[in-house]
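J.: For reference, the chains in residue letters:
2 protein chains.
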Amino acid sequence: MTMNIGFIGPGIMGGPMALNLMKGGHKLWGYARRPEAMKKLVDAGATACASAAEVAKNADVIFLIVSDTPDVESVIFGENGIAKGARSGSVVVDMSTISPTATKVFAERLAKQGVEMLDAPVSGGEGGAISGTLSIMVGGKAKVFEQVKPLFECMGKNIVRVGENGAGQVAKACNQIVVAVTIEAVSEALTFAQRNGADAAKVREALMGGFAGSKVMEVHGKRMLDNDFKPGFKVGLHQKDMRIVMETAHQLGVALPAAALVTQNLNALMGTGDSELDSAAVVKVVKRMSGMGDT
Amino acid sequence: MTMNIGFIGPGIMGGPMALNLMKGGHKLWGYARRPEAMKKLVDAGATACASAAEVAKNADVIFLIVSDTPDVESVIFGENGIAKGARSGSVVVDMSTISPTATKVFAERLAKQGVEMLDAPVSGGEGGAISGTLSIMVGGKAKVFEQVKPLFECMGKNIVRVGENGAGQVAKACNQIVVAVTIEAVSEALTFAQRNGADAAKVREALMGGFAGSKVMEVHGKRMLDNDFKPGFKVGLHQKDMRIVMETAHQLGVALPAAALVTQNLNALMGTGDSELDSAAVVKVVKRMSGMGDT
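Line by line, the protein sequences are chains A and B. Read in order, the letters of the first sequence correspond to residues 1015 to 1309 in this note's numbering. Read in order, the letters of the second sequence correspond to residues 1015 to 1309 in this note's numbering.
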């Protein structure tokens, strides 16, 4: 069934995600802060709008994927924002990675004008966005999730409704905690191996099949050994996501000591101008601490 | 080719390992501090000896698997120890998990009397010991490794020579660092999910396929959700292994901040009488910190 879809924020992730929605046979109205970002979509048949409100006027389901919590707030509730144009009964699907607690507030505000909301952050990076194999973690009403699911299936593969509004953002935060702390785990182990004069590559090989095995050991561990930190997922973005995690932990009064520690290592990388590196570069901080070089 | 094998320390791990060596068609001389621990092996055709020295007199390759660094030192170099009986040209294979630096010293001492040594700690637990599917991380000369390899293949599957003497222990230490810190990662993520009111089981499900996926997420994450801490690998043993890691880090001057943090959480579990639980119980400490109960 062809649907009228809105898409706001066709950037590195959003661009290919929107294209995959169009490949699914849907009509798309889009808006980008930088108009040139709409070019590819318009070439593929999308309609460029002058504002998020105009997108919302034309669409039954409005996707957005932008950088941070204040960006989402401004796209939805700002001047010429989605809320100004959205019809009652339409659905706003926020695929950004932002604060779980703010997400709940946004959903409540939209509900007051009869607009539904799902939070649906993704993981899988640019590659997953292009190939339509993203993991999508969804929070919101089950009924609304079922309604939007065919559209999620244009963009992703592992699509799980985790709970009510905000739960998708909680799952994404958990994802970022686990990835960050596991990167620290692998960083410390390989640094320990190197300092002991062992062959760190062989150590990784020996560990891969057992309980120490992980996607991070496989992918990020390889990057550490090759000293090749082409992203992947950038330090600057991981640091931003961990800021959201630690702010939420602060609000809720929950101690996350290892997550806090890795956040500091990401901060350290920002201070050495390494924000564009893959976040596997945490190993650099672990090595620098003990006076070891970058190789 | 039938070989004359020695085996010292037929405990929970060593017992089934020795049986698997015998199933490989080898003759076995064994010694246990507690003589009753030899019963199963004697029933299967092994010869019980009165000391480690007597074992060594009869064997070309002498395996040992005991608790800690001082135990290994005493079994090899103590009164009636292996060194008292071992012939020049024989090989001592230490499958205990002990200090990498002490291991190098032990190998040097044995070399002086013409006895070779391999360090070959394992992972995979009692289940892996019984089924003969242990991971074995080996340090020592390549030539000696090739000689002993057919015997390792009676006990394990993923058998990797990581480097020279001590390198096997380094790899095992790295394994324990990664497992411990990844347990902390999963503990913090699931605690964060619960504190946010999300369904932690669904969060785990959403995370499994992506970059947050790991053996620890699969196995230990499940234990945390089920609040079922039947080992598995016990807190008391993981704490002991992390003590070795932190002592080695202390000797080498290398900072392992996240490993240190999880070591403290294992210490905390020892203080609450939880040494017999699986080390996934680290999640209890993470929850207790923030005043959350055990469920």
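Bear in mind the hints are in silico, worked out from the structure with no lab data behind them. Honestly, I wouldn't trust all of these hints.
No copy labels: a pair is met if it fits in one copy or bridges any two.
Within a straight-line C-alpha distance of at most 27 Å, the following computed DSS-like cross-link-like pairs (lysine-lysine) qualify [as the list claims (entries may be wrong)]: (1) K1155 with K1118; (2) K1053 with K1248; (3) K1254 with K1071; (4) K1118 with K1054; (5) K1236 with K1171; (6) K1216 with K1171; (7) K1157 with K1071; (8) K1098 with K1229.
All values derive from a computational prediction rather than experimental measurement.
J.: None of the hints should be skipped; say for each whether it holds.
T.: Each hint, compared with the structure:
Only within a single protomer do K1155 and K1118 lie at most 27 Å apart by alpha-carbon distance; the minimum there is 12 Å, versus 61 Å between protomers. Taking CA atoms no more than 27 Å apart as the test, K1053 paired with K1248 passes inside one copy only; the shortest distance there is 25 Å, against 58 Å between copies. When the C-alpha separation of K1254 and K1071 is checked against a cutoff of 27 Å, the pair qualifies neither within a copy, at 32 Å, nor between copies, at 64 Å. Taking the shortest alpha-carbon separations for K1118 and K1054, neither the intra-copy value of 33 Å nor the inter-copy value of 62 Å comes in at or below 27 Å.
When the C-alpha separation of K1236 and K1171 is checked against a cutoff of 27 Å, the pair qualifies both within a copy, at 25 Å, and between copies, at 23 Å. When the C-alpha separation of K1216 and K1171 is checked against a cutoff of 27 Å, the pair qualifies only between copies, where the shortest distance is 16 Å, while the shortest distance within a copy is 33 Å. When the C-alpha separation of K1157 and K1071 is checked against a cutoff of 27 Å, the pair qualifies only within one copy, where the shortest distance is 22 Å, while the shortest distance between copies is 75 Å. In this assembly of identical chains, K1098 and K1229 lie within 27 Å of each other by CA distance neither inside one copy nor across copies; the values are 43 Å within and 47 Å between.
Comparing the model with each numbered hint stated earlier shows that hints 3, 4, 8 do not hold.
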